[in-house]
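Asker: Chains as they are written, first to last, in the working numbering: chain L, 1 to 110; chain V, 1001 to 1112.
Hints are supplied without guarantee of correctness; some may be wrong.
Just the calculated beta-carbon pair ranges, DEER-fashion [said to hold, decoys possible]: (1) P76/L / G1052/V: 38 to 44 Å; (2) T1003/V / E58/L: 20 to 26 Å; (3) G1027/V / E58/L: 20 to 26 Å; (4) T21/L / P1018/V: 42 to 48 Å; (5) A66/L / P1014/V: 53 to 59 Å; (6) P76/L / P1018/V: 46 to 52 Å; (7) S79/L / G1043/V: 41 to 47 Å; (8) N19/L / T1010/V: 23 to 29 Å; (9) A66/L / A1040/V: 38 to 44 Å.
Worth flagging that the hints you see were computed from the coordinates, not collected in a lab.
Backbone N, C-alpha and C define an ideal beta-carbon position, used for all residues, glycine too.
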Amino acid sequence: LAKTTQPISMDSYEGQEVNITCSHNNIATNDYITWYQQFPSQGPRFIIQGYKTKVTNEVASLFIPADRKSSTLSLPRVSLSDTAVYYCLVEGSSASKIIFGSGTRLSIRP
Amino acid sequence: SQTIHQWPATLVQPVGSPLSLECTVEGTSNPNLYWYRQAAGRGLQLLFYSVGIGQISSEVPQNLSASRPQDRQFILSSKKLLLSDSGFYLCAWSPGMNTEAFFGQGTRLTVV
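Construct the entire structure; sequences and hints are all you get.
Answerer: This is the structure in structure tokens:
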């Protein structure tokens, strides 16, 4: 399984756009990139998944360059409620297990 | 719609006592099932996963075991708890590979 690397923590302010980048240099051809959000004392919640280029939903956008060795989760106009840990995962078609890394602890200030 | 149930929400157990945490999924069939543990301030550690009844894959050697007696039931057990078994235990399911995983509410286990 491809290993992911993301910043340990990030700070931002309400109303700002936040971009969290994840590197996954060993991503395989059949791997997908998935992001989850976790609040304290809760299980992670799926945010977005992509394979290449750009994916957008009502919550976030995911940008994946052509070489797919990194990806960027973009949260538009964050609010205090976006304070959480964000996990980047690379999920391959060759295995059923889902491995979480350490995540990025995002803190949003007023 | 699919739902996942995990209980209990909190549990305090003495060292050396047994453990049984149960997780059930409704509204789907043949799900992939997962058990994770999360220490305070840390990421999720995958403990076990299962792709079918009786099929259990263990990720890390530990004082725990898992069983899947029915298609939508996943049980985490221990014969004798250690202090180091304390943590937040999460059960999850997914329809298959490269699909969204859905998590239960978690069990906070404190071994004293």
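Asker: Hints first: check each against the structure and report whether it holds.
Answerer: Against the structure, the hints:
no.	hint	result
1	P76/L / G1052/V: 38 to 44 Å	holds, 41 Å
2	T1003/V / E58/L: 20 to 26 Å	holds, 22 Å
3	G1027/V / E58/L: 20 to 26 Å	holds, 23 Å
4	T21/L / P1018/V: 42 to 48 Å	holds, 44 Å
5	A66/L / P1014/V: 53 to 59 Å	holds, 56 Å
6	P76/L / P1018/V: 46 to 52 Å	holds, 49 Å
7	S79/L / G1043/V: 41 to 47 Å	violated, 24 Å
8	N19/L / T1010/V: 23 to 29 Å	violated, 37 Å
9	A66/L / A1040/V: 38 to 44 Å	holds, 40 Å
Hint check: violations occur at hints 7 and 8; the rest are consistent with the structure.
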